[in-house]
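Asker: For the sequence shown, our numbering assigns the number 1 to the initial residue and increments by one for each residue that follows.
Treat the hints as calculated values from the structure; they're not laboratory data.
Where a beta carbon is used, it is the ideal one built from N, C-alpha and C, also for glycine.
Keep in mind that the hints are not guaranteed to be accurate.
With a Cα cut of at most 30 Å, we get these calculated DSSO-like pairs of lysine-lysine [as the list claims (entries may be wrong)]: (1) K90 to K14; (2) K39 to K14; (3) K39 to K85; (4) K39 to K58; (5) K13 to K90.
Pairwise CB distance ranges (calculated) [unchecked claim]: (6) C17 to D92: 26 to 34 Å; (7) R20 to D52: 28 to 36 Å; (8) Q8 to I54: 18 to 26 Å; (9) D59 to F1: 38 to 46 Å; (10) D92 to K39: 42 to 50 Å.
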Amino acid sequence: FVYNGEVQATLFKKWVCEVRFWVEQGRLKESKGINLAGKYLGRRAYRFFEHDVISKWKDFNLTEFFSELFDYVFPVDFCMQQHDKFDTCKQDNHTAIDFL
């Protein structure tokens with residue numbers, strides 16, 4: 001699927017897992033996987049790829065690529081927002097799995 005740069009952690013994680021799966025199953029070099037991943041980026045996420053990756057995709061490894069894409073797409077304080085949100089949660093009668 002095409003990841004358009006939506007600020008949705010689960011969607012981003014799903015896309016990252018798919019790209020890692022392609023690279024692993026296709027026995028691709030990470031740089032080749034990054035180059036191919038650009039075909040599955042749209043809108044804001046593709047702008048990042050076009051501006052920051054196309055000319056130097058061979059210099060990235062997957063972890064750096066995903067990290068920089070995350071930093072480009074998500075707000076600077078996204079992780080802090082998630083921590084704050086988690087801190088206000090109450091487990092009540094939910095199981096630990098359902099709570100998390």
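Asker: Run every hint past the structure and note whether it holds.
Answerer: Each hint tested on the structure:
no.: 1; hint: K90 to K14; result: 26 Å, holds
no.: 2; hint: K39 to K14; result: 16 Å, holds
no.: 3; hint: K39 to K85; result: 34 Å, violated
no.: 4; hint: K39 to K58; result: 16 Å, holds
no.: 5; hint: K13 to K90; result: 25 Å, holds
no.: 6; hint: C17 to D92: 26 to 34 Å; result: 30 Å, holds
no.: 7; hint: R20 to D52: 28 to 36 Å; result: 20 Å, violated
no.: 8; hint: Q8 to I54: 18 to 26 Å; result: 25 Å, holds
no.: 9; hint: D59 to F1: 38 to 46 Å; result: 26 Å, violated
no.: 10; hint: D92 to K39: 42 to 50 Å; result: 44 Å, holds
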